[in-house]
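Make a model of the complete structure from these sequences and hints.
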Amino acid sequence: MIHGEPLTNKDVESLAASFITRPIAEHAELRRVSDDEGADLVGRRRSVGRSYAGVIFPYFLPGKDSPREYRLRRDQPDLERTADGTIKEKGKYMSPPGRGNMLYFPRSITENELRDTAMPIVFVEGEKKTLALSRAATLASRKFVPIGLSGVWNFRGVVGKTQGLGVERRNVKGVLSDFDLIELANRKVFVLFDTNVRTIESVAAARTQFAKVLSARGAEVFLADMPGDYTGNGVDDLLGETERDVDEAYAVLRLVSILDNAKDFILPKQKQADRLAALASDAEYFHDADGRAFASIAIGGHLETYGLHSKAFREYLAREFYRAESSAPSTQSVQDAINALSGRACFDGVRRDVFVRAAGHGGNVYVDLGNDAWEQVEVTATGWRVIGAAASPVRFRRPDTLRTLCTPQRGGNLSDIRQYVRVKDDDAALLLQAFIVGCFAPNIPYPILAFSGPPGSAKSTAARLVKDLIDPASMPHRSCPRKEEDLLIAAQNSYLVSFDNVSTLSDAMSDAHCRLSTGGGIGRRTLHADSDETTFTARRPQIFNGIGGYAMRTDFVNRLISIELDAIPPAERKTEREVLAGFEKAKPRLLGAVFDAVSMALRNLESTRVEELPRMADFAIWAVAAEGSFGCSSGAFLKAFEKSHEREQAGVLDDSLVAEVFLELNAEKDGRFPDEPIFTADLLAELTAKAGDQRSRRRDWPKNAQKLRHDLSRLSPALEAHNISVRFPEKRGRKSVVRITSALRRKTSEAYESVQGVQSMYTRDVWPNTLNGEASVGVPVHRGEAAVDGGSSTGIRKSNTPVHTSHTSEGVLPTGNIPR
Numbered sequence: 006m007i008h009g010e011p012l013t014n015k016d017v018e019s020l021a022a023s024f025i026t027r028p029i030a031e032h033a034e035l036r037r038v039s040d041d042e043g044a045d046l047v048g049r050r051r052s053v054g055r056s057y058a059g060v061i062f063p064y065f066l067p068g069k070d071s072p073r074e075y076r077l078r079r080d081q082p083d084l085e086r087t088a089d090g091t092i093k094e095k096g097k098y099m100s101p102p103g104r105g106n107m108l109y110f111p112r113s114i115t116e117n118e119l120r121d122t123a124m125p126i127v128f129v130e131g132e133k134k135t136l137a138l139s140r141a142a143t144l145a146s147r148k149f150v151p152i153g154l155s156g157v158w159n160f161r162g163v164v165g166k167t168q169g170l171g172v173e174r175r176n177v178k179g180v181l182s183d184f185d186l187i188e189l190a191n192r193k194v195f196v197l198f199d200t201n202v203r204t205i206e207s208v209a210a211a212r213t214q215f216a217k218v219l220s221a222r223g224a225e226v227f228l229a230d231m232p233g234d235y236t237g238n239g240v241d242d243l244l245g246e247t248e249r250d251v252d253e254a255y256a257v258l259r260l261v262s263i264l265d266n267a268k269d270f271i272l273p274k275q276k277q278a279d280r281l282a283a284l285a286s287d288a289e290y291f292h293d294a295d296g297r298a299f300a301s302i303a304i305g306g307h308l309e310t311y312g313l314h315s316k317a318f319r320e321y322l323a324r325e326f327y328r329a330e331s332s333a334p335s336t337q338s339v340q341d342a343i344n345a346l347s348g349r350a351c352f353d354g355v356r357r358d359v360f361v362r363a364a365g366h367g368g369n370v371y372v373d374l375g376n377d378a379w380e381q382v383e384v385t386a387t388g389w390r391v392i393g394a395a396a397s398p399v400r401f402r403r404p405d406t407l408r409t410l411c412t413p414q415r416g417g418n419l420s421d422i423r424q425y426v427r428v429k430d431d432d433a434a435l436l437l438q439a440f441i442v443g444c445f446a447p448n449i450p451y452p453i454l455a456f457s458g459p460p461g462s463a464k465s466t467a468a469r470l471v472k473d474l475i476d477p478a479s480m481p482h483r484s485c486p487r488k489e490e491d492l493l494i495a496a497q498n499s500y501l502v503s504f505d506n507v508s509t510l511s512d513a514m515s516d517a518h519c520r521l522s523t524g525g526g527i528g529r530r531t532l533h534a535d536s537d538e539t540t541f542t543a544r545r546p547q548i549f550n551g552i553g554g555y556a557m558r559t560d561f562v563n564r565l566i567s568i569e570l571d572a573i574p575p576a577e578r579k580t581e582r583e584v585l586a587g588f589e590k591a592k593p594r595l596l597g598a599v600f601d602a603v604s605m606a607l608r609n610l611e612s613t614r615v616e617e618l619p620r621m622a623d624f625a626i627w628a629v630a631a632e633g634s635f636g637c638s639s640g641a642f643l644k645a646f647e648k649s650h651e652r653e654q655a656g657v658l659d660d661s662l663v664a665e666v667f668l669e670l671n672a673e674k675d676g677r678f679p680d681e682p683i684f685t686a687d688l689l690a691e692l693t694a695k696a697g698d699q700r701s702r703r704r705d706w707p708k709n710a711q712k713l714r715h716d717l718s719r720l721s722p723a724l725e726a727h728n729i730s731v732r733f734p735e736k737r738g739r740k741s742v743v744r745i746t747s748a749l750r751r752k753t754s755e756a757y758e759s760v761q762g763v764q765s766m767y768t769r770d771v772w773p774n775t776l777n778g779e780a781s782v783g784v785p786v787h788r789g790e791a792a793v794d795g796g797s798s799t800g801i802r803k804s805n806t807p808v809h810t811s812h813t814s815e816g817v818l819p820t821g822n823i824p825r
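Just so we're on the same page, the numbering used here is the position in the sequence shown counted from 1, plus 5.
These are computed hints drawn from the structure, not numbers from a lab. Each hint should be verified, as a subset may be incorrect.
[To be verified] Simulated crosslink set (DSS-like; lysine-lysine; CA at most 30 Å straight-line):
| hint | residue 1 | residue 2 |
| --- | --- | --- |
| 1 | Lys590 | Lys579 |
| 2 | Lys579 | Lys712 |
| 3 | Lys193 | Lys276 |
| 4 | Lys488 | Lys276 |
| 5 | Lys316 | Lys429 |
What follows is the structure, given as structure tokens:
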């Protein structure tokens with residue numbers, strides 16, 4: 006859209022006085038705007054006594070046909086009285102509010118000229134001076150590139166936004182990203198400000214700081230001054246007056262003379278470490294809750310975040326130093342500079358959290374795409390979008406192993422994941438989708454996904470595909486670490502941690518993985534320090550795949566989502582390359598579907614209610630909130646989740662030697678453990694006798710009462726599923742005691758009390774079934790006959806076998822034909 010009208014003759018005459026011809030003005034697309042147009046263009050309200058009529062200067066990037074911004078030069082600027090009583094103009098040049106500073110490039114400049122270090126650059130104040138020099142550049146024997154600043158301090162500006170200490174967002178300031186378009190290293194650069202640089206201290210300070218910025222980028226800087234006897238203002242006025250009084254050739258000669266007499270800008274001699282720190286002075290420095298120092302640096306128009314002691318930040322400093330001085334800094338100087346900047350970050354910077362890959366903030370979810378532009382996905386309750394790091398309240402760091410996440414696309418369906426991961430049934434597919442979406446739930450304990458299946462079911466490939474969809478890395482799988490410290494270091498450098506070919510898991514590491522799931526950490530003494538501690542904390546989702554048998558501890562099982570895969574028939578097998586190629590094509594839509602589901606969860610979370618919360622309650626509520634995106638009926642997730650839990654709890658008992666012997670003893674006793682607590686040591690002795698020599702010599706058999714108590718505590722949730730309650734009351738003296746209550750005892754007691762109370766020769770044809778608590782129809786039972794299941798220790802079968810009884814304090818009890 007073209008604003009305004011062509012310049013008037015008066016405008017052209019005014020510009021000619023500043024050495025700007027009509028062709029130059031027309032090529033720059035200068036236009037006249039009315040009061041209304043000018044006010045609209047710069048976003049101001051009209052008011053009495055204030056006019057916005059004037060000439061607009063479009064701002065173009067070299068090689069672009071459309072302006073990126075406009076700046077208005079008002080015919081009648083405001084006037085204000087200064088402290089010394091003089092009247093000065095105010096608001097002569099205006100831009101739309103909230104717009105950042107930009108460099109002014111004449112349209113005659115090309116992108117190649119910005120990169121051609123053989124052509125000197127002349128920086129001046131304002132658009133008019135830049136256009137005047139663009140004319141002079143075409144007439145001079147030595148070519149140069151004129152570039153304008155919109156103000157003497159406007160080589161800096163807002164390069165992004167960051168989150169403050171509260172809810173407010175504050176500006177991040179730095180050197181304009183426009184300077185990245187210019188190759189400054191080993192290039193002659195002239196800074197030519199107006200005559201007031203000699204009389205106004207702030208203008209002189211601005212020129213010095215600007216020269217330092219240019220020098221830091223490797224430029225050979227010269228400070229050019231207007232002639233000492235000139236009483237005008239800027240170089241455009243000087244050129245215009247000289248052309249009017251003599252001719253244009255002499256005007257150009259006067260400009261060349263000014264540049265020839267420019268003085269070298271010489272930086273005060275500094276230590277190498279100080280020069281390194283100065284190169285990175287424009288970064289935003291801050292620290293996290295653990296006191297680690299970070300910097301967010303404006304590079305190429307976006308923000309990048311690095312730990313100050315990271316390899317990446319060291320390389321950044323070395324690169325900037327080489328660009329500035331064409332030499333490499335010493336290792337000690339780099340370390341000294343980092344120490345100084347770390348102090349600035351920890352004592353002068355704000356505290357803010359730094360994340361890997363995904364984070365929650367302000368009720369939203371943010372995901373680092375890991376691309377060169379440092380883009381993020383912002384997921385809210387209303388949808389998702391891709392944003393720049395500067396527009397995000399969250400800062401991410403990038404470990405060396407982190408790789409780029411694909412840019413998500415809309416219109417996908419998460420259930421399409423079944424085309425690549427061959428789950429056994431619909432319940433498994435539902436649990437897989439819930440896990441994937443749950444990985445992006447903010448600030449909750451995360452589940453552990455376990456793939457199982459026969460050989461040839463592509464467990465490793467399935468784990469890799471899920472990892473690539475959520476948190477791609479150069480090392481998609483890793484072996485299980487043997488120490489918790491190694492586990493937490495791995496978690497520090499990944500968001501979704503995937504472990505491959507797991508066959509065994511020690512009790513200690515099983516607990517460590519549980520802590521990683523719910524959030525935990527360790528501390529160790531900092532190297533070369535007496536009392537300082539280095540801490541490692543993390544909370545991460547995890548993936549396991551293996552042959553099974555490693556999930557033996559109840560705490561681990563309580564966090565587990567086990568998904569069984571189908572074996573792939575030979576006719577349907579594909580190479581890994583084929584599978585990955587197909588998945589790469591599908592990933593953008595799958596990831597978009599994941600973010601759709603995350604948005605749904607955020608939208609529904611507050612209104613989601615679950616009557617009976619299962620284990621991993623936070624995850625379950627999140628999955629229910631997102632259930633509408635899984636393509637299933639309401640309540641289907643919780644049913645599948647509970648069935649999975651029941652299977653895993655049964656597996657805990659199957660894989661435990663203590664559980665095996667304990668259940669045998671429970672059956673032998675018909676669940677009739679003493680009413681009062683018994684010593685745990687006595688129970689161990691009884692279990693050991695029941696186990697026999699061969700089983701009790703195994704390594705996993707408890708050797709003392711404390712270990713038995715520990716094992717039974719772990720098994721108690723799984724035993725509860727069998728209606729066996731194991732509790733540990735307070736110790737008697739120094740000895741541990743245990744109280745065991747079994748539903749088997751309760752059921753048999755009820756049955757025999759019924760026998761005792763029968764007065765007739767035959768009972769009713771109804772007998773309690775202790776397997777499920779329901780009544781079943783049986784054959785008539787004579788007094789003194791009990792229905793017992795000779796082949797089961799947990800049920801009562803229909804029978805005419807005589808049962809001998811004896812009297813106890815609890816009544817008539819059977820004494821014969823009960824399996825012992």
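Check: Does the alpha-carbon distance linking Lys590 and Lys579 stay inside the 30 Å limit?
Finding: Holds, because 16 Å separates the two Cα atoms, which is no more than 30 Å.
Check: Is the hinted pair Lys488 and Lys276 satisfied, with a Cα-Cα distance of at most 30 Å?
Finding: violated (44 Å)
Next item on the list: Mind checking the alpha carbons of Lys579 and Lys712 for me, to see if they're no more than 30 Å apart?
Entry: Answer violated: Lys579 to Lys712 is near 49 Å, above 30 Å.
Next item on the list: Could you grab the alpha-carbon distance between Lys316 and Lys429 and see if it respects the 30 Å cut-off?
Entry: violated (45 Å)
Note to self: Against the 30 Å threshold, does the CA-CA distance of Lys193 and Lys276 hold or violate the hint?
What the structure shows: Within the cut-off at roughly 24 Å; holds.
Hint compliance for this structure: hints 2, 4, 5 are not met, and every other hint is.
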